[in-house]
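All chains should be built: construct the whole structure from the sequences, respecting the hints.
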Amino acid sequence: MKILIVEDEEDLLDAITSSLLKEYFLIESASDYHTAMDKIQMYDYDCILLDIMLPGGSGLQLLEQLKQSEKSENVIIISAKDSLDDKLKGLELGADDYLTKPFHIAELNARIKAVLRRKKLDGKHTIETRNVVLDLNERQLLVNGEAVALNRKEFDILNYFLLNTNRLVTKSALAEHVWGDNIDQADNLDFIYYQIKNLRKKLQQANAAIEIESVYGVGYKMVEK
1 MKILIVEDEE DLLDAITSSL LKEYFLIESA SDYHTAMDKI QMYDYDCILL DIMLPGGSGL
61 QLLEQLKQSE KSENVIIISA KDSLDDKLKG LELGADDYLT KPFHIAELNA RIKAVLRRKK
121 LDGKHTIETR NVVLDLNERQ LLVNGEAVAL NRKEFDILNY FLLNTNRLVT KSALAEHVWG
181 DNIDQADNLD FIYYQIKNLR KKLQQANAAI EIESVYGVGY KMVEK
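Here the sequence shown is numbered in full-length UniProt numbering, starting from 1 and rising by one per residue.
Each hint should be verified, as a subset may be incorrect.
Below are the DSS-like pairs computed for lysine-lysine, each with C-alpha atoms no more than 27 Å apart in a straight line [what the hints assert, rightly or not]:
#	residue 1	residue 2
1	22	101
2	71	87
3	171	153
4	221	22
5	81	67
6	225	201
7	171	119
8	124	153
9	197	171
10	202	124
If you're looking for bench data, these hints aren't it; they were derived computationally from the structure. Predicted, not measured: the structure shown is a model, and the values here were computed from it.
Rendered as structure tokens:
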């Protein structure tokens with residue numbers, strides 16, 4: 001997944017970049033209007049983080065260009081300008097979300113992942129891989145058409161893995177996604193191991209054509225058998 005960060009505040013740009021690199025995203029950045037314009041005209045991105053106030057121009061002008069190029073989906077505006085007019089203008093031009101500075105990086109990460117989930121699902125309410133179907137509305141797992149009982153956390157974990165198939169998922173990223181910001185209060189992440197262990201067992205017993213591999217010392221990866 002490739003993300004473009006359009007932000008002229010160096011410290012904030014560094015903080016966002018550092019956080020997203022830990023999630024194994026590919027990151028490009030632009031700190032002024034003209035550099036950002038060149039990048040959005042030349043490349044496609046899975047998500048764009050867009051500041052409104054930029055040297056040389058306005059982020060809203062960039063958003064207008066993105067809309068004309070039919071690339072305005074998956075844009076999150078990040079700006080100190082919190083006026084209602086700017087927010088409405090950005091959303092009218094196709095932005096998916098609007099986050100006012102200052103904000104917590106964890107909140108930005110959560111919003112990015114929400115945007116990417118919507119993009120991947122493309123309006124559908126099921127995720128289908130090989131003989132596995134995960135119904136997000138009914139919160140139900142089907143393997144070969146047969147229902148497999150999952151608890152709430154197992155469902156959320158499987159959902160996250162299926163949206164990141166063949167992609168390394170760190171333990172900390174998984175914990176933050178499934179358990180939220182309160183994960184910082186946990187003494188360790190051993191509880192993730194037990195949830196993964198139970199989920200693996202259920203997938204294996206149901207003869208699912210997917211499995212969760214361990215990546216020693218880092219996390220996990222969902223792969224097709």
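A quick look at each hint next to the structure:
1. At roughly 22 Å between alpha-carbon atoms, residue 22 and residue 101 fall within 27 Å of each other, so this suggested pair holds.
2. For a cut-off of 27 Å, the pair hint linking residue 71 to residue 87 stands: about 18 Å separates their Cα positions.
3. With a CA separation close to 14 Å, the supplied pair residue 171 and residue 153 stays within the 27 Å bound.
4. A threshold of 27 Å between alpha carbons decides the hint, and for residue 221 with residue 22 the separation of about 15 Å falls inside it, so the pair holds.
5. Using a Cα cut-off of 27 Å, the hinted pair residue 81 and residue 67 holds, with the two alpha carbons roughly 21 Å apart.
6. With a CA separation close to 15 Å, the supplied pair residue 225 and residue 201 stays within the 27 Å bound.
7. Distance check on the hinted pair: residue 171 and residue 119 sit about 24 Å apart at the alpha-carbon level, within 27 Å; holds.
8. Restraint check for residue 124 and residue 153: satisfied, since their Cα atoms lie roughly 22 Å apart, inside the 27 Å limit.
9. For the proposed pair residue 197 and residue 171, the alpha carbon gap of about 14 Å is at most 27 Å, so the pair holds.
10. Of the pairs offered as hints, the one joining residue 202 and residue 124 holds, with about 25 Å between alpha carbons and a cut-off of 27 Å not exceeded.
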